[in-house]
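Trainee: Work from the hints to combine the two standalone chains into their complex.
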Amino acid sequence: MSAISIIPERCTGCQSCEMVCSLSHEGSCSSSLSRIRMKKWEEISVFMPTVCQNCEKPPCMDICPTGARKRPPGTDAVVTDEKRCVGCKSCIYACPYGAPALHPVTKRTMTCDLCQGQPLCTQVCSTGALSFVPEGDPSMERKRAFGQTLFHSMRTR
Amino acid sequence: MIKGWTGKRLLIDLSLQKAWSEDIPAGELRRWFGGRGLNASYFSQHFRAPVSPASPENPIAFAVGPLTGTLAPCSGATSIASFSPLSGSPVYSFTQMPGHFGASLKAAGFDQCVIQGKADRPVYLWIDNGEVKFEKADHLWGQETVETTVAVQEEKGDRGIEVLCIGPAGEKQIPFANVIHRLSWTGDRLGLGYLFGVKQLKAIAIRGKKPITLQDPKQFLNLCLALKDQIHKGQKMRKLNEDGALSLLGREDRRGARGAHPWLPTRSEKQWAVSLWANLSGWESCFSCPVHCGRNIQHEQKCLGGIHLEKAWYLGPQIGVHNGEWTLKLHRFCQAQGLDPFLTASLLGRILEGIETGTLAEEDRGHLEDIEDQGEKAFALLRRMIDRGKKEFHLSVPPASENEDLDILADVVSFCMIVVNRLNLMTVSNIIDLIHGATGDALTIQDLHETVSNIRQMESRLQNKKLHWNDQSTLLQLGKGQISQILKKEERRNVSITDRTAS
Chain S
0 MSAISIIPER CTGCQSCEMV CSLSHEGSCS SSLSRIRMKK WEEISVFMPT VCQNCEKPPC
60 MDICPTGARK RPPGTDAVVT DEKRCVGCKS CIYACPYGAP ALHPVTKRTM TCDLCQGQPL
120 CTQVCSTGAL SFVPEGDPSM ERKRAFGQTL FHSMRTR
Chain Y
0 MIKGWTGKRL LIDLSLQKAW SEDIPAGELR RWFGGRGLNA SYFSQHFRAP VSPASPENPI
60 AFAVGPLTGT LAPCSGATSI ASFSPLSGSP VYSFTQMPGH FGASLKAAGF DQCVIQGKAD
120 RPVYLWIDNG EVKFEKADHL WGQETVETTV AVQEEKGDRG IEVLCIGPAG EKQIPFANVI
180 HRLSWTGDRL GLGYLFGVKQ LKAIAIRGKK PITLQDPKQF LNLCLALKDQ IHKGQKMRKL
240 NEDGALSLLG REDRRGARGA HPWLPTRSEK QWAVSLWANL SGWESCFSCP VHCGRNIQHE
300 QKCLGGIHLE KAWYLGPQIG VHNGEWTLKL HRFCQAQGLD PFLTASLLGR ILEGIETGTL
360 AEEDRGHLED IEDQGEKAFA LLRRMIDRGK KEFHLSVPPA SENEDLDILA DVVSFCMIVV
420 NRLNLMTVSN IIDLIHGATG DALTIQDLHE TVSNIRQMES RLQNKKLHWN DQSTLLQLGK
480 GQISQILKKE ERRNVSITDR TAS
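These protein sequence lines map, in sequence, to chains S and Y. Numbering-wise, numbering that gives the first Met the number 0 puts 79 at position 80 of the first sequence, and it's gapless, one number per residue. Numbering-wise, numbering that gives the first Met the number 0 puts 152 at position 153 of the second sequence, and it's gapless, one number per residue.
Be aware that a few hints might be false.
[Unchecked claim] Pair by pair, the computed Cβ-Cβ distance ranges are:
no., chain 1, residue 1, chain 2, residue 2, range
1, S, G86, Y, Q456, 48 to 58 angstroms
2, S, V132, Y, E352, 50 to 60 angstroms
3, Y, D119, S, R143, 54 to 64 angstroms
4, Y, K464, S, G116, 50 to 60 angstroms
[Stated by the list, open to error] With a Cα cut of at most 25 angstroms, we get these calculated PhoX-like pairs of lysine-lysine:
no., chain 1, residue 1, chain 2, residue 2
5, Y, K301, Y, K17
6, S, K106, S, K69
7, S, K38, Y, K209
8, S, K88, Y, K208
9, Y, K17, S, K38
Hints are computed from structural coordinates only; laboratory data are not their basis. We treat Cβ as the ideally placed atom computed from N, Cα and C, and that holds for glycine.
Excised from the complex, chain Y in its bound form (with noise of 0.2 angstroms):
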């Protein structure tokens, strides 16, 4: 077994309802090192051609990397992959679920967790320590997310264990559901509730509590230590704690450079920042990470979970909601639903300039004229369609980012896409690092480069793409850190640290 992996792959079986588990190869572990990889190179395997999402064989892989689950920072993500019922015709789709999720898989026993076929009842998974049981979900069917959660975790009468759960909207089997967890964190853009209400699943429960075993504690101790320290003093860091979450969006949503507020260019957009914000409060964060990019929200004396303020852009000025509270109401709602907010957006967006343009017709459009709020407006136009269980719709997925290596890189070592590509907080020669201390594999920039460009053509080859691949590639330019030299600091401040680490 290779240090900072499991080693194991859970096979789950929800026809048969049995679950085992293989051994994954350890020259697969060491050629694609990360979750993406993984589940692309299972796929590829498995799959000739892509079948149907409704169908049993349709796998949802989700799998981390060898940092995952450790104290390395950022490393809470967990990538998902499975064929996608967003599109026509089926597709391979994959995405990045930040949280907590898979850190519990990897501390229950395993690096990949693949669930194939279908429930003939609703079930939920309990996967305690490694050991795997299907346990009866019918009194939770039809319940919220925020319910769901709570019942299963007094159920096994352990708050602290980590549920994944579908809502209303995934059992009617609505494309754009989502899967949710901690209530706050949400593997987007691919259908996953589809996905579960089509395999009667209702929610993943995982009680990890094995140690993760790494090559070299001392040195990734240390390295985390000061890596933790840089995030955390950097610049981006305090501008991001005096402006608020907001300059996390993306690049293309952010209008104005300058001035005091540089993200309210306008009015209405200025209004609806404050009405939101009056009802955050504290922060929530992904698994080791020191960025704590969530906000709880308080709202009509409730609390309810963390809103990432990248949703909140969507569900408000990006589709003219300019209130505050109906940005929250639609983020509830969402929340609640398990509904996919991105999505939602997007297909608000559409439906509601419909309505402004005439285009929609008539059957569809309703009394919906007659608000006057454009928040009021897409709440109850959003109630309609979850109420009436539509399933036709057609969805823009939104532009990918500017540096897609970075990117894939991120999401191969299961690392926060944000930190890694927009805020830049981590260089690639920190996560080579950090591999190396935790695994003892000594890469190189070329051999990321390498990897990437790997995963990227077997990720076209699934989506029956024709892939462009030019070697002009951002990744081998990129990565100059100074880690070693703030190591070398550390260390001469203090040398106490290394002496105590157990060996």
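Just chain S, same shape as in the assembly (with noise of 0.2 angstroms):
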């Protein structure tokens, strides 16, 4: 089970990560065509990147009219067959992180496709926050990184 894990702690909110997929996926820069979204809190200094989990269940596939949204056989990522898609938007309000997105040409919706086994965001983020875990416990590094926050409060008690 091959996944993006996110640590939006040590996101900066620098955009590489919509650039790079925008770049590699459509040959321009911008953040309406990537597949991956940062959403800021500038006032609190939260940045956080959402991007397709490719759930276990996705409810995506589920509310999906004409059965576009799939899971290709050999792939853990849920792409969108853009000859289905009608642009319902179903997808968009059925997933939990409103990760699908709108293409602003075509009009089809578009998720996170893994980039075929090596996302370039995950190449690109030099913080950390993203990360590509190709297969195993994609919530290993977050268990550590809690586990050694915990450990530093405790020691400083």
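Mentor: Here it is, written out as structure tokens:
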């Protein structure tokens, strides 16, 4: 089970991931063409990348009326079949993360396809907010980081 | 239209409440290839003599380079120019603002934005993907920068938009006020807050979603990935991560070069750093930048946006404040009021020196001599200055950098000066390669050298200065990067990146 692991505390809001995603998939730079989106709340300095989590039980697949959302055999990514998609946006509303986005030109939804196993966003992210976990437990780094924080706070108490 | 550019100039007249756009000739874009040159050429075309900073004719020009808003690392800077209120007679001034504003401006569809006129009541500009609206800002007038930013974003129902705003200091037309966006990035050393205040322009909010097309996306993508990798893995970055961003401080501010903590020669400075460090949490960065030089502050249970360690130094040991708490309080006050930390520090330093030596006039001194702590004294002084709206100051602008040509080049293509000049993380040949990938123009170092010299001449004409141009520019000797070898290595290792890129 491969996944993109997100640690929002490490995100600095540079939007490199958006740029590399749109550049590699669409050939031009724009946050509206990107599969990954950075959300920000600057007054509390919170930056958070949102990307398709490739759920085990994807609500977008259940709700899609034309069966365009599917997980092709051999991959972990849930993707939209452009020929079948009618742009009804149901998947956007059904997703608990709001991760699917509407392509501004083709008017079909688009989500992360994990770049065929080598996500570029995780390569450009220099703070470690995004990392690609090819197999195993994607939350392991998170657990470790939390454990370290806990250990640190207990030691300084 | 040249790829990498939008080819449009946005002109805004606040007196008429009208906005229109015009095409920038392709020749001009090719000639200046960046924000600083575009601004200088606009000013030299339209102004024979300087106009008063307070007059409606005085424009504020924002411009970006061909690489702004793309994946190119450290390309988040915006060039800003205007006639500045900081000197006795009006003089053409320019500055560079890092952050996200330029990228949003370009994504909204403009390379340059020129604001003229004077609104008769407070307004803020709403630029939504190329459409410009003038919105009433009476309810925002008097608000601090944090409230303004959040209020504008809530009003437009989109927390993703970028807001560039002034605080109460700008509204009171204090010359050393400035503008701030994302509560962290500022356009310093120009008096922008004063200019916004005079025009009764509270904020500029931008939503930019248009794509920026590139000449050779595959080549550009590979170049950017290689460059980011190079910057990220470089020794300087490791040092930056270990030492904290204080190693970014100007050469003139760093003392001592050896030892475990080369930047902390004295005990009091060490204490200052430790007390400051305790309040820092997390990092913040400019658009598409792998360096992450901004630090977030957690102070008194509140999060206060970013602080850049250079500013912290100026509001700290530079003016004799060795208590990190007071540095943070000063910084927070500057941030909320919209004050320029560099100019504020330079002014405070002068006045504090005046108090110590007894050269300051009796009525200006007040009861400040009684305060023991230097930080508390500085804070009380600053607060009194802002409350009274005092406007007569004489400020010294910090010294220019050692390699001015490289600074201009970075500014011209809207790159971060710190990365290009101070850290030398990017060579001239890297910049040439990036411009080639984005616009398709094959430049040489000689071309860049000529452009830099032309811009310098144009700016000195605007400033009525006599430029002694010698041809000893260091630009020609610089720029032997190994990016082509890195790229070849990358291609060998990871051919699939190129294959996957959509054409």
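Trainee: Give a verdict on every hint.
Mentor: Hint-by-hint comparison with the structure:
{"no.": "1", "hint": "S:G86 - Y:Q456: 48 to 58 angstroms", "result": "holds, 54 angstroms"}
{"no.": "2", "hint": "S:V132 - Y:E352: 50 to 60 angstroms", "result": "holds, 57 angstroms"}
{"no.": "3", "hint": "Y:D119 - S:R143: 54 to 64 angstroms", "result": "holds, 59 angstroms"}
{"no.": "4", "hint": "Y:K464 - S:G116: 50 to 60 angstroms", "result": "holds, 58 angstroms"}
{"no.": "5", "hint": "Y:K301 - Y:K17", "result": "violated, 40 angstroms"}
{"no.": "6", "hint": "S:K106 - S:K69", "result": "holds, 18 angstroms"}
{"no.": "7", "hint": "S:K38 - Y:K209", "result": "holds, 18 angstroms"}
{"no.": "8", "hint": "S:K88 - Y:K208", "result": "holds, 19 angstroms"}
{"no.": "9", "hint": "Y:K17 - S:K38", "result": "violated, 32 angstroms"}
The structure is inconsistent with the numbered hints 5 and 9, although it conforms to all the rest.
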